[in-house]
Amino acid sequence: MRKTTPSQDFIRGIWNENPVLIQMLGLCPALAVTNSVKNALAMSAATFFVICCSSVLVSSCKRFIPNEVRISAYILVIATFVTLADMLLQAYAPVQHKELGAFIALIVVNCMILGRQEAFSAKNNVYRSLLDAIGTGIGFTIALVMMGGFREILGTGSFLEYSLFGANFEPWVIMVLPAGGFLTLGFILLAMGFVEQRKKTKTTLTAEQSP
Amino acid sequence: MTDSSVKITASPHVRSAESTIKIMWSVVISLIPVVAASIYFFGPSAILVLLASIAGCLLTERLFGSTPGSLADGSAMITGLLLGLTLPPGFPLWMAFLGGGFGMAFGKIIFGGLGQNVFNPALVGRAFLQAAFPVAITTWPAKTQHWWALQGDNFALPFMSPVVDATSSATPLGNLKFGDDPVVTPVIDLFLGTTGGSLGETSALLILLGGIYLAWRGHLNWHIPLSIFVSTFVISGLFFALGISQFPPLFMLFSGGMMLGAFYMATDMVTSPITNKGCWLFGFGIGFLVVIIRVWGGLPEGVMYSILLMNALVPFINRATQPRLFGTSRKKKKEAGS
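Order-wise, the sequence lines are chains Y and S. Under numbering that gives the first Met the number 0, the first residue of the first sequence is numbered 0, with each subsequent residue one higher. Under numbering that gives the first Met the number 0, the first residue of the second sequence is numbered 0, with each subsequent residue one higher.
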């Protein structure tokens with residue numbers, strides 16, 4: 000297995016292996032609840048809580064989980080924390096809870112969380128797993144806020160419900176509809192692919208120039 | 000077309016003076032009367048909206064077009080022209096420009112340019128505008144007193160809403176479906192084009208003439224418009240006779256975007272089936288969907304969505320209607336297929 004330093008574990012999930020934009024995991028919440036920055040933030044916070052708690056629990060219990068039933072065990076752990084998050088949100092932010100609806104409960108099936116348990120927490124110690132979970136959670140938050148910002152600015156002309164363009168702004172209704180989610184994700188991936196390609200051609204060019 | 004990727008085979012070759020550029024420009028020529036009529040009916044607003052959508056298309060093709068020189072083949076010009084003709088006269092110019100750019104980028108260039116696209120780019124642009132700005136695209140300002148006065152608010156600043164006139168008129172379709180006092184507009188008005196509506200959809204007569212010219216030149220497959228008209232007429236006639244719908248069949252044929260859609264959008268060479276049998280199936284599907292959407296749908300007009308939906312089915316239609324190989328029997332073909 001490849002050796003990584005703790006700081007690499009932390010930083011990896013934020014950008015280089017961003018769960019949504021690079022690994023394309025957890026797309027369901029990224030498409031469904033990013034019609035405003037507020038929703039995106041609430042969703043990210045709930046997911047952040049779940050991934051950190053379950054990573055810690057899974058990595059500390061990894062010796063007691065039989066290999067044959069590990070996936071169902073991970074799901075149980077995740078579901079426990081999702082129920083917790085669901086109840087906490089309902090108690091302290093009932094408006095947000097209503098807005099997000101079923102998508103809070105659907106964090107259970109967010110493959111990004113299960114993926115981190117299977118790929119990382121089950122093989123590493125608690126400290127490393129926590130760092131990895133925090134990094135991945137931050138990466139998820141960045142992706143969701145990017146999408147939410149794009150969609151909210153074009154779809155309603157505001158950012159965090161603060162109006163940017165005045166009352167006369169013509170909202171792009173499509174951006175707050177589900178189709179807008181797909182469009183936005185497509186735009187972001189397009190931009191990232193474009194940058195990546197330019198970088199690649201640059202490196203090959205410099206490699207060719209220096210013999 | 001001078002394209003080095005074209006496979007060169009041994010002689011004999013069939014020589015033809017036909018080229019993409021020639022076809023595209025004859026389509027533009029056939030649209031001249033329609034454009035002239037829209038300018039006659041709607042004044043300078045028509046020119047502005049058309050220019051804005053054409054500019055959006057040309058600029059996008061220039062910036063992102065995959066093959067160099069793709070600007071010159073005229074296809075971007077036609078997309079812009081057709082998109083402009085489906086927009087209401089008082090449409091803000093920045094929206095028309097955006098629609099042209101979107102239709103070009105996401106209807107054509109993203110698939111790999113001319114010949115590769117699945118959907119008609121002009122209709123993709125319009126579908127985007129319909130979804131993004133549902134109010135602006137269904138606002139039909141009342142006729143102005145003077146011909147030279149602008150309709151609606153063409154010069155709304157980018158990203159800002161148009162200031163809509165207090166008096167807005169209804170299109171024949173919208174009036175019959177949602178109006179407080181539904182009247183069937185006389186067919187002769189629809190035929191000549193003295194009604195409200197999008198730039199290019201008012202005069203059925205001129206579109207018919209342009210379409211016949213193109214069919215005579217062999218640039219469009221007449222099976223497609225004919226099958227659309229026949230199926231629309233028969234299905235809506237049936238519903239009208241049974242008392243299910245309030246749309247008379249002739250009204251159905253000459254109102255809304257029917258003529259423009261049937262002659263110029265559905266017959267797009269890239270996005271229509273290749274066999275005549277397939278074209279009849281394609282046209283029948285469009286006619287059927289148009290009637291369904293107009294009678295029961297939430298929108299007054301359904302030509303755009305019908306054509307886009309059937310565009311998506313074209314590969315399947317092509318596969319299903321492949322002609323039998325000469326010398327093989329029907330039975331054998333089935334065996335080979337299974």
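No wet-lab data here; the hints were simulated from the structure. Do not rely on the hints blindly, as some may be mistaken.
Computed, partial: chain Y to chain S, Cβ under 8 Å [what the hints assert, rightly or not]:
no.: 1; residue: LEU87
no.: 2; residue: PHE168
no.: 3; residue: GLU169
no.: 4; residue: VAL172
no.: 5; residue: VAL175
no.: 6; residue: ALA178
no.: 7; residue: PHE181
Here are the simulated distance ranges between beta carbons [claimed, not checked]:
no.: 8; chain 1: S; residue 1: PHE110; chain 2: Y; residue 2: VAL108; range: 41 to 49 Å
no.: 9; chain 1: S; residue 1: PRO157; chain 2: Y; residue 2: GLY185; range: 16 to 24 Å
no.: 10; chain 1: Y; residue 1: GLU117; chain 2: S; residue 2: THR137; range: 48 to 56 Å
no.: 11; chain 1: Y; residue 1: LEU40; chain 2: S; residue 2: LYS21; range: 42 to 50 Å
no.: 12; chain 1: Y; residue 1: VAL108; chain 2: S; residue 2: GLY114; range: 39 to 47 Å
no.: 13; chain 1: Y; residue 1: THR200; chain 2: S; residue 2: SER10; range: 25 to 33 Å
no.: 14; chain 1: Y; residue 1: ALA178; chain 2: S; residue 2: TYR39; range: 52 to 60 Å
no.: 15; chain 1: Y; residue 1: ALA104; chain 2: S; residue 2: LEU207; range: 37 to 45 Å
no.: 16; chain 1: S; residue 1: LEU312; chain 2: Y; residue 2: MET191; range: 26 to 34 Å
no.: 17; chain 1: S; residue 1: LEU237; chain 2: Y; residue 2: GLN89; range: 38 to 46 Å
no.: 18; chain 1: Y; residue 1: TYR161; chain 2: S; residue 2: PHE63; range: 46 to 54 Å
Note that beta-carbon positions come from the ideal geometry of N, C-alpha and C, so glycine has one too.
So, against the hints stated earlier in the document, which numbers end up violated here? Going through the list in order, the structure violates hints 1, 5, 7, 8, 11, 13, 14, 15, 17 and 18 and respects the others.
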